[in-house]
Structure formats: C-alpha cells, structure tokens
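Undergrad: Protein sequence lines, in the order shown, are assigned to chains A and B. The opening residue of the first sequence carries number 1078 in our numbering; numbering runs sequentially from there. The opening residue of the second sequence carries number 484 in our numbering; numbering runs sequentially from there.
Everything labelled a hint here was simulated from the structure, so no lab data went into it. Just so it is clear, CB atoms sit at the ideal spot from N, CA and C, and this is done for glycine as well. Check each hint, because a few of them may be wrong.
Claimed, not checked - Straight-line C-alpha distance at most 30 angstroms; calculated DSSO-like pairs for lysine-lysine:
#  : chain 1 : residue 1 : chain 2 : residue 2
1  : B       : Lys645    : B       : Lys780
2  : B       : Lys565    : B       : Lys589
3  : B       : Lys684    : B       : Lys720
4  : B       : Lys703    : B       : Lys780
5  : B       : Lys684    : B       : Lys813
6  : B       : Lys813    : B       : Lys770
7  : B       : Lys645    : B       : Lys589
8  : A       : Lys1134   : B       : Lys565
9  : A       : Lys1134   : B       : Lys770
10 : A       : Lys1134   : B       : Lys624
11 : B       : Lys780    : B       : Lys770
12 : B       : Lys499    : B       : Lys674
13 : A       : Lys1134   : B       : Lys813
14 : B       : Lys813    : B       : Lys674
15 : B       : Lys780    : A       : Lys1134
Stated by the list, open to error - The calculated label-pair distances, taken between Cβ atoms and stated as ranges, are:
#  : chain 1 : residue 1 : chain 2 : residue 2 : range
16 : A       : Gln1132   : B       : Gly687    : 45 to 53 angstroms
17 : B       : Cys804    : A       : Gly1127   : 41 to 49 angstroms
18 : B       : Cys804    : A       : Thr1131   : 38 to 46 angstroms
19 : B       : Gly519    : A       : Val1091   : 30 to 38 angstroms
20 : A       : Val1091   : B       : Arg621    : 44 to 52 angstroms
21 : A       : Lys1134   : B       : Ala626    : 26 to 34 angstroms
22 : B       : Ala626    : A       : Ala1105   : 43 to 51 angstroms
23 : B       : Val787    : A       : Arg1109   : 44 to 52 angstroms
24 : A       : Met1126   : B       : Ser661    : 22 to 30 angstroms
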Amino acid sequence: MTRREFLCRISVVVSAMGGCLAWMGRKALPRRTVWANRSDDYPGVIMPMGDIRTQSKWSG
Amino acid sequence: MNRGQNVKVQCELCPKRCLIGPGQSGECRVRVNLDGVLRSVVYGFPCSMTADDPVEKKPVFHFLPGTKILSLATVGCNLHCKNCQNWEISQTNPEDSHAYVCPPAKVVALARQYNRPSIAYTYTEPIVYYEYTYDTARLAKEAGLRNVLVTAGYVNEEPWRKLLQYIDAVRIDLKSMSEAFYRDVCSATLKPVQNSIVVAKSMGVHVEVINLVIPTLNDKPEDLRSLSQWVRANVGKETPLHFSGFYPTYQMRHLPPTSLQSLETARDIAMSEGMEYVYIGNRQSEKGEHTYCPACKRVLIQRVGFTVLQNRLKDGRCPDCGREIHGVWK
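Please model the entire structure based on the sequences and the hints provided.
TA: As structure tokens, then:
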C-alpha cells in the first residue's frame, strides 16, 4: 500500500467515525424548544363554567 | 415504536431550562414531554376566570382606572415562593385540579360579551401557560382589547420579547434585591427578573412594579432603599411602585403579617428616593391608596381598596397644575 492509499483510507475512516459521533451526539442531546404544542385533553377534571360575574377569591 | 418516546426535551421558555424526560413535566408542572414533543397541558383550560375583578385588584393603578378586567389563570408556576398567596392553584398538578374549557377565541368573546376593555393573565404565572397567553393576547389585540400581564417576570428574553408585542401593561414582581432571597424563598434568581422589567419598559409597555414586604426577610430599610433606587435608575421615577402587605400562608405561617407602619416606611423611603407614585396594598392606608400629583401634591385619583371614588385627571394631566401623569388613561 502506498503512502497516498494509506492516507486516503485513514481519512475515510476518520470521517466515518466523525459522522457517527455527530449522529450519536445529536441523538443524545435533548430537543430544545420554547414553544409547547397544545394538548387536546386536560389531565384533571373539566367543569362547566359557572357565573363569572363574581370577583375572584385569588390574589392578583 | 415511536422514535420520540425516549427523547428528552429541554424547555427554553424560562431560565430554569428544565430538561424533561419522557412523560415528565418541567418544574412548572404544566409543560410536559409527550413522545418527545413539548406540550402545554393547560392550553385553553383555565382553572379560574372572572369578569368582575377591578383592574386595581391586580394591582395596576395607572392603567384604565376604575375599569373591570376579564381575568384568567391556569394552574402551575415556575417559581415556588414559600409565601405564595395562591399556592392552591400555583403549586398543584393539573391532574389534581379542576378547569374549564375556554380556548382563546372564547376568552375574547367573553371579554366583549361583558364589555371589558382588557384581559388580565394573572393569579398564577402567565409565563407557564405562555402559548395560551400568547394566542389569546394576539386575538384580543386584533379585537381592539388590551392585555395585562401579572407576572414574576422569570422568563428568557427571546420569548418575553415575542409575547410583549401584544401586551399593553405588565405588573411585575420585584420580590427582593437579594439573590439569596430569590434562591431561598422563590427557587429562582434575580437577574432575569430585572432584565424582564427593563426589556418591558424599553418596548414601550406600561410597567408597574410590586414588592411584597415580608417581615424579617426583605423589610430592612436598606433593602427597600436599594429596590427603590434600582427601579428609579432602570425603569424611571414615573413607574408606579406598590408595596404590598404579607399575610402568613403556605410555607410561611411562622412569620407575622406586615404592619401598616412597615409599609408606610417603605413608601416614605421610595418617595425620598424620588419615586413619584408609591402605593400600599393589602392594608387600608389613605395616603398609600390615592394617586397624587408629583408637582402640586393634590389628590388626582381617590381610592378606597379596589374602588375608585374620584378620578380628576383631564386628558392624563393634573387639572390643577397641568402636570402630565404617567399612565394609560383611555
């Protein structure tokens, strides 16, 4: 094997390993986002809305 | 198998940047990783809604005084203040709570039905129901209504700026000037809050600042002085500043309520630092409830509790000396 062939093979192997590591890194990292999609269902109890013409008991 | 099932999600909405595992929620309890997608489980599901709150109850004193404001909240909060007055809804899980079905369009329709000029996102923390707040505020703005946020301001700058384009007024908590207070009492940090206040002001949003005065924790004269100095230097002396009285509650039942004298001292300190409009809340205090003209010192807006008895402003000015009074009056 000539020196040129050797270097060529090494560069292919190194780039493949680099690509693989990048892919694994991307998979390991969390998805980052600000926006949360809406969920169709409420996990708690849904109540009918009553009369809203009374002051709230909550502060603020 | 769904490829998203094992993916973690990092929520970039607030400085906590929660790393949320599959099926888990962030610290706020309402932003959940479902199949690798961040979802708001409270979008369109308020736990509290009323059309009868006066805007003064928020408290917001320099924004359409004497009007009622449609007010809503979902459960959840990204802070965990040991003194939270609304802890039953702010510190509960959605699955343990009751809610109504009220999508953004219905909120706007209710505001119009009850002839309310504005909508308040309040009681818990509108940042954690960010998408609901954002979509409702955008629709309300299109319908000619105003939007008021009642918030602790613990949010990252990019989403904050995006939301503020639809917000007319912000009543924001500045709980202390101490990082230790924010860390120990609220599980948060001070700097992002200060940044949120400055950003809101720079975007032309009407800002009112509130400080809950808690005996032994943030009521020393030097605490109150440094807070007043910071507000004056960074938001302006014309910013309405509210000192509110603490009541023993939640995880702080061992402390006494704030005395009226302590609140009046806070007000005196802020005014000696040049703040023009300083109010007292949660206690009856004649001098801390009215709006006075900073120039001629006459009473402009007379209040008792949340009720406006008299509003003497003429086109946003003092009728006696003509001084322009900072605020949104019509």
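Undergrad: Look at each hint and say if it fits the structure.
TA: Here is how each hint holds up against the structure:
no.: 1; hint: B:Lys645 to B:Lys780; in the structure: 39 angstroms, violated
no.: 2; hint: B:Lys565 to B:Lys589; in the structure: 34 angstroms, violated
no.: 3; hint: B:Lys684 to B:Lys720; in the structure: 12 angstroms, holds
no.: 4; hint: B:Lys703 to B:Lys780; in the structure: 27 angstroms, holds
no.: 5; hint: B:Lys684 to B:Lys813; in the structure: 19 angstroms, holds
no.: 6; hint: B:Lys813 to B:Lys770; in the structure: 25 angstroms, holds
no.: 7; hint: B:Lys645 to B:Lys589; in the structure: 23 angstroms, holds
no.: 8; hint: A:Lys1134 to B:Lys565; in the structure: 19 angstroms, holds
no.: 9; hint: A:Lys1134 to B:Lys770; in the structure: 26 angstroms, holds
no.: 10; hint: A:Lys1134 to B:Lys624; in the structure: 27 angstroms, holds
no.: 11; hint: B:Lys780 to B:Lys770; in the structure: 11 angstroms, holds
no.: 12; hint: B:Lys499 to B:Lys674; in the structure: 13 angstroms, holds
no.: 13; hint: A:Lys1134 to B:Lys813; in the structure: 28 angstroms, holds
no.: 14; hint: B:Lys813 to B:Lys674; in the structure: 33 angstroms, violated
no.: 15; hint: B:Lys780 to A:Lys1134; in the structure: 34 angstroms, violated
no.: 16; hint: A:Gln1132 to B:Gly687: 45 to 53 angstroms; in the structure: 31 angstroms, violated
no.: 17; hint: B:Cys804 to A:Gly1127: 41 to 49 angstroms; in the structure: 48 angstroms, holds
no.: 18; hint: B:Cys804 to A:Thr1131: 38 to 46 angstroms; in the structure: 40 angstroms, holds
no.: 19; hint: B:Gly519 to A:Val1091: 30 to 38 angstroms; in the structure: 31 angstroms, holds
no.: 20; hint: A:Val1091 to B:Arg621: 44 to 52 angstroms; in the structure: 50 angstroms, holds
no.: 21; hint: A:Lys1134 to B:Ala626: 26 to 34 angstroms; in the structure: 28 angstroms, holds
no.: 22; hint: B:Ala626 to A:Ala1105: 43 to 51 angstroms; in the structure: 46 angstroms, holds
no.: 23; hint: B:Val787 to A:Arg1109: 44 to 52 angstroms; in the structure: 50 angstroms, holds
no.: 24; hint: A:Met1126 to B:Ser661: 22 to 30 angstroms; in the structure: 41 angstroms, violated
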